[in-house]
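Asker: Given the sequences, and given the hints that come with them, work out the whole structure.
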Amino acid sequence: MTKKVSVTVSPKKSRREFVKKVKELSGQNLQVCYQCGMCTGNCPAAANMDVSPRRIIEMARLGLEEEVASSRTVWVCASCLNCDVNCPRGVDISKIMEAIRLLTLRKNIDQIRPEDISPEKRSELPQIAMVSGLRKFTG
Amino acid sequence: MSLAYYPGCTLKTKARNLEEPAVASMKVLGLKLDEVPRWNCCGAVYSLAEDDLMHQVAPVRNLIRVKKQGRNELVTLCAFCLNTLKRANLLMKEDAEKRDTLNSFIDEGIDYRGDVKVVHLLEVLRDEIGWEVISQMVKLPLRELKVAPYYGCTLLRPREVAIDSVENPTILREFLEALGARAIDFPESTRCCGSYQVVNNPDDIAEYTRPILNSALSHGAEALVLTCPLCDYNLGQGQNELMKKYGGFRRMPLFYFTQLLALALGLDPKVCHFELNHGKPESLLRIKNLLV
Amino acid sequence: MSVKETKKKSAATAVKEKRQVAAGLIPIYIMGKRYEVPEGLTIMKAMEYAGYILIRGCGCRGGTCGACGTFYRKPGDYKLQVALACQKTVEPDMYIAQIPFFPANRALYDFAGLTAAPEEVFKLYPELFRCVACNSCTKACPQGIEVMDAISALKQGNIAQAAQLSFDCIQCGLCTSRCFGELAQYHMFQLARRIYGARIVPRAEHLAEMVKAVNAGKYDRFLDELKQAKEDELKKVYQEREVEPMAAGEDWKPKDTRYL
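Chains as they are written, first to last, in the numbering used here: chain A, 1 to 139; chain S, 1 to 292; chain D, 1 to 260.
Check each hint, because a few of them may be wrong.
Only part of the chain D face toward chain S is listed, based on derived beta-carbon distances under 10 Å [what the hints assert, rightly or not]:
id	residue
1	132
2	135
3	156
Simulated crosslink set (BS3-like; lysine-lysine; CA at most 30 Å straight-line) [what the hints assert, rightly or not]:
id	chain 1	residue 1	chain 2	residue 2
4	A	20	S	98
5	A	121	S	280
6	S	98	A	23
7	S	32	A	121
8	S	244	S	32
Residues on chain S that point at chain D, a partial pick, calculated with CB under 8 Å [said to hold, decoys possible]:
id	residue
9	12
10	242
11	243
12	246
These are computed hints drawn from the structure, not numbers from a lab.
Backbone N, C-alpha and C define an ideal beta-carbon position, used for all residues, glycine too.
Answerer: Laid out in structure tokens, this is it:
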């Protein structure tokens, strides 16, 4: 369940570099989003997220880098692309999620270490799981 | 007659029960699956970043290998790999600058322009062989086995690589009916199984799979049919977890579509490797007189 | 040297260089510093000629130990080249850097407990799945091994193929130094070769039979004879021993068939 979030928006907090990087990396025009919430409604992982996809987009375009970075949303996203195909404005939200993930991963801050996966799981998991998991959570 | 075939890493070990029945069935249907020589892992997921070329190298190199063989179509069984290869192919077709950089880096001596057609085996069955022909070749009709078609994400999203309608896909229904089974459509057939979250947040997987399995069960399904080894793992593990968590939860067999195909074509069930499946498929098949 | 620099050369330098060429000396750059070394030397010998005393980054000097992995470039060429310093002859204007050591993750395991299953490799080296098939490793291999293909084989669970493809590996570590995914390919290959040799390759039946025969005492009599022989007798037996000729056919038999 997404919790109530109270954010202060001010020119002092807005990180223009961050907005620019998210736009460049995702190739998406964040301005066309009209905050309808279709993405959140269609997201199978929304229940596990602290901040909904809709709010992430709003926070990203307001340049609220710290709030976005401290949320777990992008790390809970499974890239199912349900948001993309349902967005009435044609925004690829999955690419925005990927851009935010990469901004952290490219700073050499990994979300998982291979050794944190138990040896049983390493044995059992299909190779596509290991490859995709390490791709999304390590840099 | 043969098709260039891309297996993907998982099919040689964990998902032998997806590959072997496919290879056997396709031989019977007259279109041999010819493995692409020196294929490498495609990377499993398509890179969603605008500036990332490194992660496109792996899928593109496979496409170049197909092109160098003089072939212009590539078939895969694994839905995950299909998505990655198809999207990378589209990139090579549409983005001239990235295409040039990738061709030059990969340095295989050809200017690849995305002209290999990347298809899933279901598309080959539908478009190149046809449901009618398959129906006629069925030796063991599946006696109205109630199977819920589960598509997952990668066959239908994004729109530009979907093999069928994104909202109302019917390809698996047509497939099941051609084999004499009864397709049990259910609302959650395109809902994500949790995908790679099994690596980072494995405890979430049970809840990802719960709406899918509950919906299929409540619509009367006796089994689920799948096209992806990761869906198989997540749904299989999910079922086990849900059985532990919720006393009344009923587990059901998960089949790969290629296993049902091989069974219906009358091939030796050993080629299906049912022992690797989740949810005791042999018991169900015996009850339905589809297995001795 | 760039064209601009060549133009700025003084008459004295031009004379000096002409003399060096005449003496069979060519310029090479070791860690960026220029040295004139005789043509025909290997990189390793050229470094020693230049005054370096090598205690790391050198070993067998025969192309098999993997200690002397070296990167080099030629001016004006972006391409990174690799070589073994003990094998490769110097070329004019080579810019060289040795990699005597590169940190690489090596899993600790008790081999006796390992089976032939590919999952053993997945468990010990999960970073295997970070490979992005960029081929940088193959380009960095001085032995011409298809490193990417061998890693691909491991991901697919084909230990036998990985072992066969990596047969010529001398563990120099250059692949690891260039790897985008931070894999230690050569350690993974060594594990694959160990599993292949100990668990997958079929046993030589004739060897097992011979060992049985030896343990059953087939050669005890002959060994006792030799043990009891005097030194002169032993020398005679040794000098008069029959040696299988190089070009012996399948059906060659020694004149003395007692030991067969």
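Asker: Which numbered hints does this structure break?
Answerer: 7, 8, 10, 11 and 12
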